[in-house]
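A.B. asks: Read off the chains here:
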Amino acid sequence: MLLQAHDVGWQLGEVRILQRVNFTVEPGEFVALMGRNGAGKSSLLDLIAGLRRPTDGALSFDDRPLEYWSADDLARSISHLPQMVRADVAISAEELVLMGRYPHAMGWSESDDDRQAARLAMTRCGCFEFRDRRLSSLSGGERQRVLLAACLAQEPRLLLLDEPATFLDIDQQLQCFTMLREEAARGVACIAVTHDLNLALTFCSRLVVLAGKTVAADIPVTTAAEDTTWLSLFSPRLVVSRTPSGHPWVSYA
Amino acid sequence: MSAQATATIRALSETRGDTRVRGRIRPVVFYSVLIPVFVLAGIAAVAIGSTSLEWSMIARVLAWKTLPAGWVDVGVITRADEAIVWLIRLPRVLVAAIVGAGLATAGVMMQGLFRNPLAEPSLTGVGPGAVLGAVAVFVTGWGASSVLALPLASIATALLALLVVYGIATRGGTTPMTTLLLAGIAVGAFLTAISSLLISINIVTWQAAQEIVFWMMGGLDSRTWAHVWLSLPFVLVGFIAALLQSHTLDLMLLGEETAASLGVEVEPAKRLLVVTSAILTGASVAVAGLVGFVGLVVPHAVRLLLGPAHRSLLPASALTGATFVILCDLIARTVRPPAEIRLGVVTALCGAPLFLLLLMRRLKEEEEA
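Chains as they are written, first to last, in our numbering: chain A, 714 to 966; chain B, 35 to 403.
Take these hints with a grain of salt, some might be off.
Estimated spans, in silico, between C-beta atoms of each pair [stated by the list, open to error]:
#1 B:Tyr65 with A:Ser783: 31 to 39 Å
#2 A:Asp786 with B:Ser256: 26 to 34 Å
#3 A:Gln888 with B:Glu399: 30 to 38 Å
#4 B:Ser230 with A:Glu727: 54 to 62 Å
#5 B:Ile69 with A:His719: 55 to 63 Å
#6 A:Asn911 with B:Thr208: 39 to 47 Å
#7 A:Asp786 with B:Ala190: 38 to 46 Å
#8 A:Ser783 with B:Ile235: 26 to 34 Å
#9 B:Ser230 with A:Asp769: 48 to 56 Å
#10 A:Arg899 with B:Arg345: 28 to 36 Å
#11 A:Asp786 with B:Arg345: 48 to 56 Å
#12 A:Gln888 with B:Leu152: 34 to 42 Å
Not the full set, but computed from the structure, chain B residues with beta-carbon under 10 Å of chain A [to be verified]:
#13 Arg58
#14 Arg60
#15 Ser86
#16 Arg149
#17 Thr282
#18 Glu291
#19 Gly341
#20 Ala343
#21 Arg345
#22 Pro349
With the Cβ distance kept under 8 Å, some of the chain A side facing chain B (calculated, not the full set) [stated by the list, open to error]:
#23 Arg749
#24 Gly751
#25 Arg766
#26 Ala784
#27 Ala788
#28 His793
#29 Pro795
#30 Val798
#31 Ile804
#32 Tyr815
#33 Pro816
#34 Ser822
#35 Ser824
#36 Leu851
#37 Glu855
#38 Ile883
Please keep in mind that the hints were generated in silico from the structure rather than gathered at the bench.
The C-beta atom is built at its ideal place from N, Cα and C for all residues, glycine as well.
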């Protein structure tokens, strides 16, 4: 078991954000973490990334409680793409992606392998051509691809992505999710927060829906067309059908 | 990695050679200009002064002092030459270099840590703390007992001020940078007020008041080897500590959360960075008084030329800072001999227009982008 959440709860001051969250993630799974605004998706990702400590329950990675992991070890295993990254710095795209290698870089400077890994990640995310441009001069979508490349360059065993498709045009969204599916096929576990139900149904292997501060639905995509209770958690105006190729597909009623 | 992907990468990498980030220059170019300028500035600063010296005489004295006995013909060196080169000018130039390197390094760290272009070394209460220590020494007359009383007192109060500021800004183990900045400004203002109070109620003679005012303007007059040995260890250790944290500084540019998810233990890292920068600043201010604009302008200029990666930014800024202060001190003592202009006045007179120039260039770049 790669990741396990056992009765995880999180409270911020007096406000309870999450309670009794239970789920496990195996290597190779591509989980879509969904829910309405304020459902606690980003908070859950932050907890898994080790940026915050759960106030109740326990998270374990690799059968070892998260708090026993050092920040260094965790950074070599878990990569986290936050919703917002400061982009007002004068570093170039390639320098940023190389920072994804810092947890692996031994000693003073990055090795050729590190550079190779960074460039491969940039090619895969379609941002190699603006490697020498400053982060601050890139458009929102271009910047998002660079950040994604930094996460890939980190070569994690668990990828946490908070709305990776934000700012991306449709073609880039499809490329992004295709690439994440490839990562999953190579044994990396991916958890992606997304609001795009069809993107999730097309590419992910499993849907985890947060509602009422906890996991309200946790189903494999293959059964998403039959059992539609998960859909009503988003809006009463949604219906699910199947595409000619047999994929579940959500449309608006 | 598939064979095809590897081949693609190799092909892409080969086309790379001549590309670089716009506006930046290569480190090789930077150092091949700056190192000769640094060396020449150092030699010129020893040679030029009220008594002009031949360059060959400087070389002779330096060789005599550093090489094994008997290698150099001592006969032609007069006692005066020896004193001017070895006891008066060389220590002064070395202190200038140490102070410049220390302030520039501290400036790089503070700007990186606060992600604020206005951040400079004496934030977090360190500058006003050092001033208070110095004023206390002047007011009590301890300065007469030892040449080291003043530097030691100011470095101690600088670190003490940092401790107070950090303590105030820390709640439940975390120190938000904005709070640290504001606490630094508030405590700094308070300490400055105490310094002014001490001056206004205690100073009886004009001479003592003038000494304090001069010290606050920074200066390197009558600096000795004692000042070199006092500041060098601190600045050397601080610089190496800063260099070892260059990855952390890079990652902190992206924000604390991103840094944390890339393996930085944020709170211990911040403590280490702030203390390192305070040691560098404290040691510099202790031997040179308040020398403004070095810690602000030098990091900005070097960052524009080389980019913000700290591994190259830190050593390049240190060397630039050293060169800048050596040259400013040379100007300070040669413009209107035998009197000296205060060093802090020269660094500000040169630094402020330079800063504006950088600002213009940046605005222009932003318009073009």
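A.B. asks: Each hint should be assessed against the structure and marked as holding or not.
C.D. replies: Status of the hints after comparison with the structure:
1. B:Tyr65 with A:Ser783: 31 to 39 Å: The hint (31 to 39 Å, Cβ to Cβ) holds, given that tyrosine 65 of chain B and serine 783 of chain A are roughly 36 Å apart.
2. A:Asp786 with B:Ser256: 26 to 34 Å: This hint is violated: roughly 54 Å between Cβ atoms.
3. A:Gln888 with B:Glu399: 30 to 38 Å: Distance hint for glutamine 888 of chain A, glutamate 399 of chain B holds at roughly 31 Å.
4. B:Ser230 with A:Glu727: 54 to 62 Å: 45 Å, violated
5. B:Ile69 with A:His719: 55 to 63 Å: For isoleucine 69 of chain B and histidine 719 of chain A the Cβ distance comes to about 59 Å; the hint holds.
6. A:Asn911 with B:Thr208: 39 to 47 Å: 41 Å, holds
7. A:Asp786 with B:Ala190: 38 to 46 Å: 39 Å, holds
8. A:Ser783 with B:Ile235: 26 to 34 Å: Violated: the Cβ-Cβ distance is about 54 Å, outside 26 to 34 Å.
9. B:Ser230 with A:Asp769: 48 to 56 Å: Taking Cβ atoms as reference, serine 230 of chain B and aspartate 769 of chain A lie about 54 Å apart, which means the hint holds.
10. A:Arg899 with B:Arg345: 28 to 36 Å: At 32 Å between Cβs, range holds.
11. A:Asp786 with B:Arg345: 48 to 56 Å: For arginine 345 of chain B against aspartate 786 of chain A, whose Cβ atoms are near 23 Å apart, the range 48 to 56 Å is violated.
12. A:Gln888 with B:Leu152: 34 to 42 Å: Distance hint for glutamine 888 of chain A, leucine 152 of chain B holds at roughly 41 Å.
13. Arg58: 9 Å, holds
14. Arg60: 13 Å, violated
15. Ser86: At 44 Å from the nearest chain A Cβ, serine 86 of chain B fails the 10 Å test, so the hint is violated.
16. Arg149: Check passed: Cβ of arginine 149 of chain B comes within 7 Å of chain A, closer than 10 Å.
17. Thr282: Interface hint status for threonine 282 of chain B: holds (9 Å vs cutoff 10 Å).
18. Glu291: Where the cut-off is 10 Å and the nearest Cβ of chain A is about 6 Å from glutamate 291 of chain B, the hint holds.
19. Gly341: 7 Å, holds
20. Ala343: Status holds, d = 6 Å.
21. Arg345: Status holds, d = 7 Å.
22. Pro349: Result: violated, 12 Å to nearest chain A Cβ.
23. Arg749: 24 Å, violated
24. Gly751: Status violated, d = 19 Å.
25. Arg766: 12 Å, violated
26. Ala784: 5 Å, holds
27. Ala788: Hint holds; alanine 788 of chain A Cβ to chain B Cβ min 3 Å, cut 8 Å.
28. His793: 4 Å, holds
29. Pro795: 6 Å, holds
30. Val798: Valine 798 of chain A check passes; min Cβ-Cβ to chain B is 6 Å, inside 8 Å.
31. Ile804: 5 Å, holds
32. Tyr815: 5 Å, holds
33. Pro816: 4 Å, holds
34. Ser822: 7 Å, holds
35. Ser824: 14 Å, violated
36. Leu851: 10 Å, violated
37. Glu855: With Cβ-Cβ at 13 Å, over 8 Å, it is violated.
38. Ile883: 25 Å, violated
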